[in-house]
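Engineer: With chain A held as given, fit chain B onto it using these hints.
If you want the building blocks of each chain, they are given just below.
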Amino acid sequence: MTTVEDRALPRPPYDPELLPMLEAAAQQGLPSSITLEMIAPMRETGNDGWAPPIEELIADRPIVHTERTVPGPAGAPDIILSILTPAEPLAAAPAIYHTHGGGMIIGNRHDGVAGFLDLIEQHKLVLVSVEYRLAPEHPDPAPVEDCYAGLVWTAEHADELGIDPSRLIIGGASAGGGLAAGVTLLARDRGGPALAGQLLLCPMLDDRNITVSSRQYQGIGVWDRTSNKTGWDALLGEGHESRDVSVYAVPARADDLRNLPPAFIDVGSAEVFRDEDVDYASRIWAAGGQAELHVWAGGFHGFQLMGGQAAVSVSARGAAEDWIRRTLSL
Amino acid sequence: MQELLGRLQTLDPQAGAELRIVAHFDALVASHVGPEALLRAAVTLAGCPAGYADRRTVIIIDGAGHRRTDGRPVGLRRSVPGRPGAEVWLERSGEPQPTDEMIIERLALAVSVTEQRRLGVQQPLLILIDPDASAEDRRVAGAQLRLNGRNDLRMVALTEDDPLPDGVTGASVLVGPDHWRAVLDLDQQHYRVAGLGIRGTVEELPTSWQTAVAARRLAGGLLPVVDAEDLGILTTLADHRTGDDHDAGGRSRHPDHRRLATVIDEVPWAATTVEALILTGSRRSAASVLGVHHATLQARVERLTTLLGYDITAPLGTHRLTVGYLSHRLA
Numbered sequence: 000m001t002t003v004e005d006r007a008l009p010r011p012p013y014d015p016e017l018l019p020m021l022e023a024a025a026q027q028g029l030p031s032s033i034t035l036e037m038i039a040p041m042r043e044t045g046n047d048g049w050a051p052p053i054e055e056l057i058a059d060r061p062i063v064h065t066e067r068t069v070p071g072p073a074g075a076p077d078i079i080l081s082i083l084t085p086a087e088p089l090a091a092a093p094a095i096y097h098t099h100g101g102g103m104i105i106g107n108r109h110d111g112v113a114g115f116l117d118l119i120e121q122h123k124l125v126l127v128s129v130e131y132r133l134a135p136e137h138p139d140p141a142p143v144e145d146c147y148a149g150l151v152w153t154a155e156h157a158d159e160l161g162i163d164p165s166r167l168i169i170g171g172a173s174a175g176g177g178l179a180a181g182v183t184l185l186a187r188d189r190g191g192p193a194l195a196g197q198l199l200l201c202p203m204l205d206d207r208n209i210t211v212s213s214r215q216y217q218g219i220g221v222w223d224r225t226s227n228k229t230g231w232d233a234l235l236g237e238g239h240e241s242r243d244v245s246v247y248a249v250p251a252r253a254d255d256l257r258n259l260p261p262a263f264i265d266v267g268s269a270e271v272f273r274d275e276d277v278d279y280a281s282r283i284w285a286a287g288g289q290a291e292l293h294v295w296a297g298g299f300h301g302f303q304l305m306g307g308q309a310a311v312s313v314s315a316r317g318a319a320e321d322w323i324r325r326t327l328s329l
Numbered sequence: 000m001q002e003l004l005g006r007l008q009t010l011d012p013q014a015g016a017e018l019r020i021v022a023h024f025d026a027l028v029a030s031h032v033g034p035e036a037l038l039r040a041a042v043t044l045a046g047c048p049a050g051y052a053d054r055r056t057v058i059i060i061d062g063a064g065h066r067r068t069d070g071r072p073v074g075l076r077r078s079v080p081g082r083p084g085a086e087v088w089l090e091r092s093g094e095p096q097p098t099d100e101m102i103i104e105r106l107a108l109a110v111s112v113t114e115q116r117r118l119g120v121q122q123p124l125l126i127l128i129d130p131d132a133s134a135e136d137r138r139v140a141g142a143q144l145r146l147n148g149r150n151d152l153r154m155v156a157l158t159e160d161d162p163l164p165d166g167v168t169g170a171s172v173l174v175g176p177d178h179w180r181a182v183l184d185l186d187q188q189h190y191r192v193a194g195l196g197i198r199g200t201v202e203e204l205p206t207s208w209q210t211a212v213a214a215r216r217l218a219g220g221l222l223p224v225v226d227a228e229d230l231g232i233l234t235t236l237a238d239h240r241t242g243d244d245h246d247a248g249g250r251s252r253h254p255d256h257r258r259l260a261t262v263i264d265e266v267p268w269a270a271t272t273v274e275a276l277i278l279t280g281s282r283r284s285a286a287s288v289l290g291v292h293h294a295t296l297q298a299r300v301e302r303l304t305t306l307l308g309y310d311i312t313a314p315l316g317t318h319r320l321t322v323g324y325l326s327h328r329l330a
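These protein sequence lines are chains A and B, in that order.
Residue numbers for the first sequence follow numbering that gives the first Met the number 0, beginning at 0 and rising by one.
Residue numbers for the second sequence follow numbering that gives the first Met the number 0, beginning at 0 and rising by one.
Do not rely on the hints blindly, as some may be mistaken.
[Claimed, not checked] Here are some chain B residues the structure puts well away from chain A; computed CB gaps all over 12 Å:
1) S30
2) D61
3) A132
4) D161
5) V300
6) H327
[Unchecked claim] Now the stretches of chain B that chain A is said to cover, found in silico as 3 or more residues with beta-carbon under 8 Å:
7) 17-23
8) 32-41
No wet-lab data here; the hints were simulated from the structure.
Just so we're clear, the structure is a prediction, and the values are computed from it rather than from any experiment.
By construction, the Cβ of each residue, glycine as well, lies at the ideal position given by its N, Cα and C atoms.
Next up, chain B with everything else stripped away, as it sits in the complex:
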């Protein structure tokens, strides 16, 4: 009945209002709604526009309930727990209201829960790349995705910021503290930046994922897409970082690593120059790739030799630099 009009629009700043805010979002989460409906609830409760943005989507509901997809986070902002890069916000133009903090808090939590639920749909893939998953779970997940019996399967690793090819989706996976995207590459998409894992059967997908992650760590400006099949055993360099020669934080105690890390930190051109030398195998090609004069590169090589304490152009020195640099990147 219309008698309630106004009463519900103007939630007064009392203890009851906060309870109502919590109940409102809880009911929506229980109904499995998406981000837009949650934003609409925030607009209803706050009486001002509200927005959601992640890497690919922007949704803004204005004060009249109309949807926009252009705009950036402004006003009272809150990041969405468990979704790096995702934010919600309230566009309050006048005086902040006492319930604003509560509303943005519950909105962020509700979006987090519903988004994680949505990602949960891709659960089979997460089972398949988990080295600790049971054989039975792996068989069921493989059957769900119709992968059993194939031997050309491989994982592709993308960071949260890498562009996804059109139509490609992936599961969100934690790599260290970061959210990465695990993609099962069935149709050999073209990626702009990616690490490609080794090919194999369903049983080998955990290894494919690990090698894809290693390959992605090595990808950079000079070689944006790295294929683990080209790296072979080099992808395992990352596996040693928790051994005796590393400290509690996973940092290497080996002098080669420490020196290289310091040089890369302090010398602006060091990382790209080392990478160019490793990837091209010759000083002349490295100079060309970097767009610098041969004499400039020669001077850099001599400087690196001094700083690192070994001749990086000698046959063994070249390998020492390659292994040192790759394991530095993988750490």
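Just chain A, same shape as in the assembly:
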């Protein structure tokens, strides 16, 4: 519950260049506070997701899009993978396995792919984006297990896909970042597939809404405290905050963050996820792991994914691309 005092909490202001984008987001039908009953209409206005379909994004770039239907988790339906390959592929290319965002409740595998097209074209990367089942119709563990199953299939078919399995990273934004972190934990605990890195863009990691930042952003910005509760309630069922839940669904609750591949974590200073994301990086370091953390001043949730040439957006995109290049030795 939000108290009167919470609303009065001081909070970092938004970057002035990002403010108009925030206002545009609100006008495009993205309210700060998303509640359970808003999920259905939001899915409808988003048609096949909020981003244009992958074909439209690719346009005349030398990139080939193929779809594969592959086995889901044991006893669960098959899943669809979108595979983006350079028109002139390498024999064994570095690859990104992508988990889309949308608060666990909306979106599809096309969302967020646009941000990787330059890299695919420039460095002949292969990108695999997974269509996972959404909550609340499909609560935990459906989303994270779908994502894991897709990763297993991708690694097993590396040869066929022209992927170098030693240069495969997982990445996603928002809920997709949380799922990427969860799949990384699963891969560690189940003995594979091997991952060379985890790209966690403003990841959704903690279901408890207990940090300072989770109380600072209520009723403003993108994905506020209420939206966060809606997403986690849909995934885990009400009352999850005080229950034991799977650490693969809620990576922030994992006690053991040892033996993880290098992480890239970025987040805005002006969003709900700020403190849980900073904490995740700190705990990876405490466990002897490698993490690169960027907290972008005045960034609202997802600012770095929206495109646009605001100075802070350009820096944020540049930092993520730079990390990908270093991690995959591009």
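Structural biologist: Here is chain B on its own, set in the frame of chain A:
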């Protein structure tokens, strides 16, 4: 959330897009950002590089959001209202988009507003050179700039095109239709082209500015820096141009003025020759300054005497020419 990616990048050409463009720039202006942030917004909205250039600065933001400082205005250009010589532009390489005009329009307006706000910081100086400012405003402005009690203050007048010495800034001031630069010269900088006003106290700064403007009008190739203290009462020649002997446009009705203006218009060497004669005081020195043979100068003097209708070498004729020429320049 990334679901918005693409939606915001590709503002579709609908009525809503134009409203969004206006709202976008309005929000930035309200946040007191500078020209670079406004350019970044234009690049975000247009999806192509955008640039800003004025007399001293060039900023270009390319399509990937990287900043360059080399280049010139190309493509769809628009001048910045109230900032002569300042321009913004969109470097659209392919088909023009329906929203381009709207974007360049709002960009130019936004830059104009933020630049004027930035110049407003120098407001105290504008108060000090305003002859109509109240004594109280003048006292406060003088105190802000720590000038009260001094008697060695003088204004320097520069046109928009005159080079500013390093580290010197000035307030932009309208002189007639043109933007000039008013500089308070506290440390006796060296100027390449300038008009120097008379020295005095804070109360005398309006006069210092007026005499600096007059001095700058007289500055030219032969004498690029003119000091009003050398001109004395001659700087007041400009003050008479709205009197009865002038028409509604400020043009003189006096035959001396009309003839001199016509001669200067029609005879290519007339202006520099008259100026050389006035400044040197002798035909021989004038010829030397102009780099022409003495005989050539003698022929010019005779031609000017014929065209103007009086002997410009006679004692009174010399003064008549000096006053006539200076008031012509000051008009």
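Engineer: With reference to the structure, classify each hint as holding or not holding.
Structural biologist: Verification of the hints:
1. S30: violated, 3 Å
2. D61: violated, 9 Å
3. A132: Correct as stated: the minimum Cβ-Cβ distance to chain A is 34 Å, above 12 Å.
4. D161: Its Cβ never comes within 12 Å of chain A, the nearest being 33 Å, so this holds.
5. V300: Label holds. Min Cβ-Cβ 64 Å, cutoff 12 Å.
6. H327: holds, 51 Å
7. 17-23: holds (count 3)
8. 32-41: holds (count 5)
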